[in-house]
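Sequences are here, hints too, so could you generate the full structure?
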Amino acid sequence: MLEEGKKRIWAEYQKAVPDNNYYFVRSCIRQTFFPGSEQAFIRIIRNELGKDIYETPYHTTCTGIGYHSDIIPFETTMTVVARQFALMTEAGYSNYIPSCITSFGLYTEVLETWHHFPEIEAHIRENLWKATKREFKIPDNLSHPSDIFYHFRKNIAEKAKYSLVDIESGQPLNVVEHIGCHYSKMFPGKGIGGAEYPCVLIGMIEAWGGNAIDYPERRHCCGFGFRQYIVQSNRGYSVSCSRKKFESMKPYQPDLILTNCPGCPMFLDRWQYVISEIEGKTYGKNNQGIPVFTYEELAGLILGYDPWELGLQLHQIDCEPLLKKMGIKYNPSEKYLGYNREYIGKPEITKNLFHCC
Amino acid sequence: MTQYFKTLQEDIRFREGLSACINCGTCTAICAAAEFYQYDPRQIVDIVQSRNELEIEELLKSDTIWYCGECMSCKTRCPRGNTPGLVIMALRTLSQDSGLFIESEKGRQQLAIKRTIGEWILKTGYCVSPELINPEMHPEQGPVWKWEIDNIRTLMKKMGANYQGDGPGALRKIPEEALSELKSIFDITGATQRFEKIENDSSKKAEEMGLKLTDGLDNPYMQYIYKHNSQNHHNNQ
Amino acid sequence: MNKKVVVVVGGGIAGIEASAFLSYMGFEVVLVEKENTLGGHVLNWEKLFPTMRYGSEVLDFLLQGISPKVNVYTCCEVNSISKKEHQFFVELSNGENFISDAVLVTTGYDLFDARIKEEYGYGIYENVFTSADLEMIFTAKKTLLTKQNKVPLKIGFVHCVGSRDEKVGNVYCSKVCCVTAVKQSIEIKQIYPDSEIYCFYMDLRMYGMHFEHLYKEAQEKYGVHFIRGRLSECFENVDKSILVKVEDTLTGRPLKMNVDILVLMVGFVPRKSTKKIADLIGLENGRNGFFKTKDQHTLTNVSNIPGVFFAGCCTSPKTITNTITDARAAASTIASYLLHHEIDKRTINLAP
Amino acid sequence: MSFGFNILKDRQIDFDTNDLSLARFLSLYEPSFRLCISCGGCTATCIANHHSGLSLRKIFILINRGITADIKHELDNCMLCGKCVIACPRGVNTRGLILKISELTKNSEI
Chain A
10 MLEEGKKRIW
20 AEYQKAVPDN
30 NYYFVRSCIR
40 QTFFPGSEQA
50 FIRIIRNELG
60 KDIYETPYHT
70 TCTGIGYHSD
80 IIPFETTMTV
90 VARQFALMTE
100 AGYSNYIPSC
110 ITSFGLYTEV
120 LETWHHFPEI
130 EAHIRENLWK
140 ATKREFKIPD
150 NLSHPSDIFY
160 HFRKNIAEKA
170 KYSLVDIESG
180 QPLNVVEHIG
190 CHYSKMFPGK
200 GIGGAEYPCV
210 LIGMIEAWGG
220 NAIDYPERRH
230 CCGFGFRQYI
240 VQSNRGYSVS
250 CSRKKFESMK
260 PYQPDLILTN
270 CPGCPMFLDR
280 WQYVISEIEG
290 KTYGKNNQGI
300 PVFTYEELAG
310 LILGYDPWEL
320 GLQLHQIDCE
330 PLLKKMGIKY
340 NPSEKYLGYN
350 REYIGKPEIT
360 KNLFHCC
Chain B
6 MTQYFKTLQE
16 DIRFREGLSA
26 CINCGTCTAI
36 CAAAEFYQYD
46 PRQIVDIVQS
56 RNELEIEELL
66 KSDTIWYCGE
76 CMSCKTRCPR
86 GNTPGLVIMA
96 LRTLSQDSGL
106 FIESEKGRQQ
116 LAIKRTIGEW
126 ILKTGYCVSP
136 ELINPEMHPE
146 QGPVWKWEID
156 NIRTLMKKMG
166 ANYQGDGPGA
176 LRKIPEEALS
186 ELKSIFDITG
196 ATQRFEKIEN
206 DSSKKAEEMG
216 LKLTDGLDNP
226 YMQYIYKHNS
236 QNHHNNQ
Chain C
73 MNKKVVVVVG
83 GGIAGIEASA
93 FLSYMGFEVV
103 LVEKENTLGG
113 HVLNWEKLFP
123 TMRYGSEVLD
133 FLLQGISPKV
143 NVYTCCEVNS
153 ISKKEHQFFV
163 ELSNGENFIS
173 DAVLVTTGYD
183 LFDARIKEEY
193 GYGIYENVFT
203 SADLEMIFTA
213 KKTLLTKQNK
223 VPLKIGFVHC
233 VGSRDEKVGN
243 VYCSKVCCVT
253 AVKQSIEIKQ
263 IYPDSEIYCF
273 YMDLRMYGMH
283 FEHLYKEAQE
293 KYGVHFIRGR
303 LSECFENVDK
313 SILVKVEDTL
323 TGRPLKMNVD
333 ILVLMVGFVP
343 RKSTKKIADL
353 IGLENGRNGF
363 FKTKDQHTLT
373 NVSNIPGVFF
383 AGCCTSPKTI
393 TNTITDARAA
403 ASTIASYLLH
413 HEIDKRTINL
423 AP
Chain D
347 MSFGFNILKD
357 RQIDFDTNDL
367 SLARFLSLYE
377 PSFRLCISCG
387 GCTATCIANH
397 HSGLSLRKIF
407 ILINRGITAD
417 IKHELDNCML
427 CGKCVIACPR
437 GVNTRGLILK
447 ISELTKNSEI
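Residue numbers (my numbering), protein chains in the order written: chain A, 10 to 366; chain B, 6 to 242; chain C, 73 to 424; chain D, 347 to 456.
Hints were generated in silico from the structure; no laboratory data involved. No residue lacks a Cβ here, since even glycine has one placed at the ideal position from N, Cα and C. Keep in mind that the hints are not guaranteed to be accurate.
Here are some chain D residues pointing at chain B (derived, C-beta under 7 Å) [said to hold, decoys possible]: (1) F349; (2) G350; (3) D356; (4) R357; (5) Q358.
Computed list of lysine-lysine pairs in DSSO-like fashion (alpha-carbon distance at most 27 Å, straight line) [said to hold, decoys possible]: (6) B/K232 - D/K355; (7) B/K128 - B/K188; (8) D/K355 - C/K328; (9) D/K404 - C/K328; (10) B/K151 - A/K355; (11) A/K355 - B/K162; (12) A/K290 - D/K355; (13) C/K239 - A/K16; (14) C/K312 - A/K259; (15) C/K348 - C/K106; (16) D/K404 - C/K288; (17) B/K188 - B/K209; (18) C/K226 - A/K259; (19) C/K214 - C/K261; (20) A/K170 - B/K162; (21) D/K404 - C/K293; (22) A/K290 - B/K232; (23) C/K417 - C/K76; (24) A/K344 - B/K162; (25) D/K404 - C/K226; (26) C/K76 - C/K141; (27) D/K355 - A/K360; (28) C/K222 - C/K119; (29) B/K188 - A/K139; (30) B/K188 - A/K146; (31) C/K239 - C/K364; (32) A/K142 - B/K188; (33) C/K366 - C/K155; (34) C/K328 - C/K288; (35) C/K288 - D/K429; (36) A/K16 - C/K219; (37) C/K347 - C/K247; (38) A/K338 - B/K162; (39) B/K232 - B/K209; (40) A/K338 - A/K168.
Pasting the structure below:
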């Protein structure tokens, strides 16, 4: 693959990312499955980068999952989005940072719709006023947290205690990236690197010492598919999509999958377990599976944060072999301790996947 | 005389999603649903643009329109600037508004989504939250999820979450005022009405199918639509 | 009376043929070409469809018309043109000035930059070629191999790259790519009879005389396969072969295939300098960025400025045959204009 | 353990693994087979199409893609009237091909 070709495209798709004053909005899926990641994002922004970030308890879901599983009308979604913007306006912020990619895509879609059809925006303003007596300003900037980490990737690298390198061989780790579909497929200009070769995660991987690898099914959806996961009988679609990706990345022997979507890291993690149960098939070396991280988990790790505060014990695929490979110091016995350092038992051991302890 | 095409055209997503299709198949080539379901977004768009009311009605009653995963990969590529995914969303809206969704196995699942995601939004302010992902309904979440749920409070505290607490933070309890604002938005913008429509039409269908439908998730109709798979969706020929 | 002067801008086949006819009609002709040799794109095409004749033979024929009576300026561009009454004051980049009575614009086209279709990976995936790359290999008498020096056994041709595509802003058909793909497929089959060739198309536009015959020959004699579906994306495999994804629209199912080489049939785009020349004299561009002719059916060599004419691909994609014909038509149109023939006074209600 | 769903088989036509032996044989046995341009003239004129949905255009395409499992069953509906030969603008020996395909599929149970 010719890197210059990609670099030319990356240079074309660079968007404005604000340097400070972030209005942060939670993600339904991420706070449920990766609460440590959102926490790490705030911690890194505040403590490592010294920036201002604000959140209000009054914000809610954007209804994205409901909208994309078709139970919520577009008008409702737009009005909820308007309410979220109103809360930002009231707090005196204008850089809107939604933790979720589905939200990021949806906010972009709504803003584009209003931009092209001002009469729809006017109607939604009326709706919002009727329902909540609130008013809003359009954000000056809409960025995803991964955009912000990309923006500060070198600052994070400067503070890093570890890098994406195999300490035994000195070789960079092979990292596969997975970008959430709604990050830039709908509006290529809104994502760093565009739709076909996004570099938002590659930038982090390379700045933090790893080797970003590209593989044929990179652009394929993880298979969430909203209703295709929510309803049990449809989940075959979901697992089959992820399986397709695993098969395609296999020849490249990835050490790690890095993601910026809420659902993808969970699905790419859990489906490895399901495939191992149904087919007896495992990925990665020695049946270890391929660890799947969010960009905050990865940033936290290289900054030397405790893996168990980042929440790596909540992954079905054990992270320890990778931590060892990177030479990360951690306390294995704390994995199964609660907040007050009480032992809380272990998850049941699965049949075919390797377990470290 | 039905007016399906006309109604579709009133949907902004439909107007944005479809000008004239040239049937090139760029969308189907990378469609995740087309890989695993008997599904071809190009053909759906072609049927819709034919303006054949009978054929559109067949679509609205069919499993076909429910196979899409709304990943929107089709939008990136169409040489005519169309978005089959948006056409699907408009069709799904119409299928629910016209009550035809109950005629197909996949369409009937909308009740399951309404009773999970839909009600969770109004109850918690979020589409999902841990206590709603019941390990029994979600065996694929694996033993680690069961362990997490069993130890949710202490683990969430360890991760720095504000689980069911006041003030900001992950998994906080969303204030009542915020939830009531959400409810009034739902009331005036059509979501409440759609929820009622899904409930009413599903009750009729449950009766017709002889399956009991009561509140909540634990009743025969709900369990049936959530779990039943006729396996007629993936024909490889 | 002084001899009337025509400045011809662009020394591709349209400029050559028009200059030749104009000079033999008795006009003084100044032919300006920015490269160091006349011939334009045809210099880079080895064999021509549908006859498989060498492009150089056609060029040799046309150049026989360039007698010493045509003043040829190569490595030269037009710096400025201004019009006063019925005369044009033309300044060339070499500092020479001319007063001319008519200007013929034959600036041709550029090939579409395939890198713009990001999902096809040109300039990123090593074994993705363009039709022009293939032709350069043929012209240089090199052997067609993969970048890993392997004989290609499976080759894919992608039609409509940069044509009929709103995503890149080109909604028109480039006309020559369909039959070029058929021609190049046959040429590869002649070199590698055991190779398998697949053309991915939306419509096969075999409109020219003998094009359909060539298409049929590709199927019957050479076993070239045609799959109806526009390529959605491709990807480089670990062994550098290319994975393509397309819908086989005739079976209604997605299709994937690994090919050793993927050839992108790049279309025509208005030459970069079109805009510059338009600005120099105030010529109108059409919706697609090519020069706008005064009427689509009748006044096809006439511009919005009296005395400025067009020939060849600067107004729309054309085959070599059509370009030569168009050049001759331009020459006779210019002659009637300069000699004030009655025929030049015909009028028509201009099409919107 | 049961999760309530299965891993699904990919519907993509895979040109790296599909079995093109029948297509290759027919191309040599009856080279006019290669000339089909999927115009559908045969199907439009086919009497059997009206009652059974038989589509020769589709069968030829499926053979060219290596999807041959159901072909024999479908061709059983053909009455060998030969109208498709007259309709074909490319001179494909459709009737001859049907006979050959039927014979081959009968013998080898493709």
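Hints, verified against the model:
no. : hint            : in the structure
1   : F349            : holds, 5 Å
2   : G350            : holds, 6 Å
3   : D356            : holds, 6 Å
4   : R357            : holds, 6 Å
5   : Q358            : holds, 6 Å
6   : B/K232 - D/K355 : holds, 20 Å
7   : B/K128 - B/K188 : holds, 9 Å
8   : D/K355 - C/K328 : holds, 14 Å
9   : D/K404 - C/K328 : holds, 19 Å
10  : B/K151 - A/K355 : holds, 10 Å
11  : A/K355 - B/K162 : holds, 18 Å
12  : A/K290 - D/K355 : holds, 16 Å
13  : C/K239 - A/K16  : holds, 21 Å
14  : C/K312 - A/K259 : holds, 16 Å
15  : C/K348 - C/K106 : holds, 14 Å
16  : D/K404 - C/K288 : holds, 20 Å
17  : B/K188 - B/K209 : holds, 26 Å
18  : C/K226 - A/K259 : holds, 24 Å
19  : C/K214 - C/K261 : holds, 16 Å
20  : A/K170 - B/K162 : holds, 26 Å
21  : D/K404 - C/K293 : holds, 23 Å
22  : A/K290 - B/K232 : holds, 25 Å
23  : C/K417 - C/K76  : holds, 19 Å
24  : A/K344 - B/K162 : holds, 14 Å
25  : D/K404 - C/K226 : holds, 24 Å
26  : C/K76 - C/K141  : holds, 13 Å
27  : D/K355 - A/K360 : holds, 24 Å
28  : C/K222 - C/K119 : holds, 24 Å
29  : B/K188 - A/K139 : holds, 12 Å
30  : B/K188 - A/K146 : holds, 22 Å
31  : C/K239 - C/K364 : holds, 23 Å
32  : A/K142 - B/K188 : holds, 14 Å
33  : C/K366 - C/K155 : holds, 19 Å
34  : C/K328 - C/K288 : holds, 25 Å
35  : C/K288 - D/K429 : holds, 23 Å
36  : A/K16 - C/K219  : holds, 21 Å
37  : C/K347 - C/K247 : holds, 22 Å
38  : A/K338 - B/K162 : holds, 23 Å
39  : B/K232 - B/K209 : holds, 20 Å
40  : A/K338 - A/K168 : holds, 16 Å
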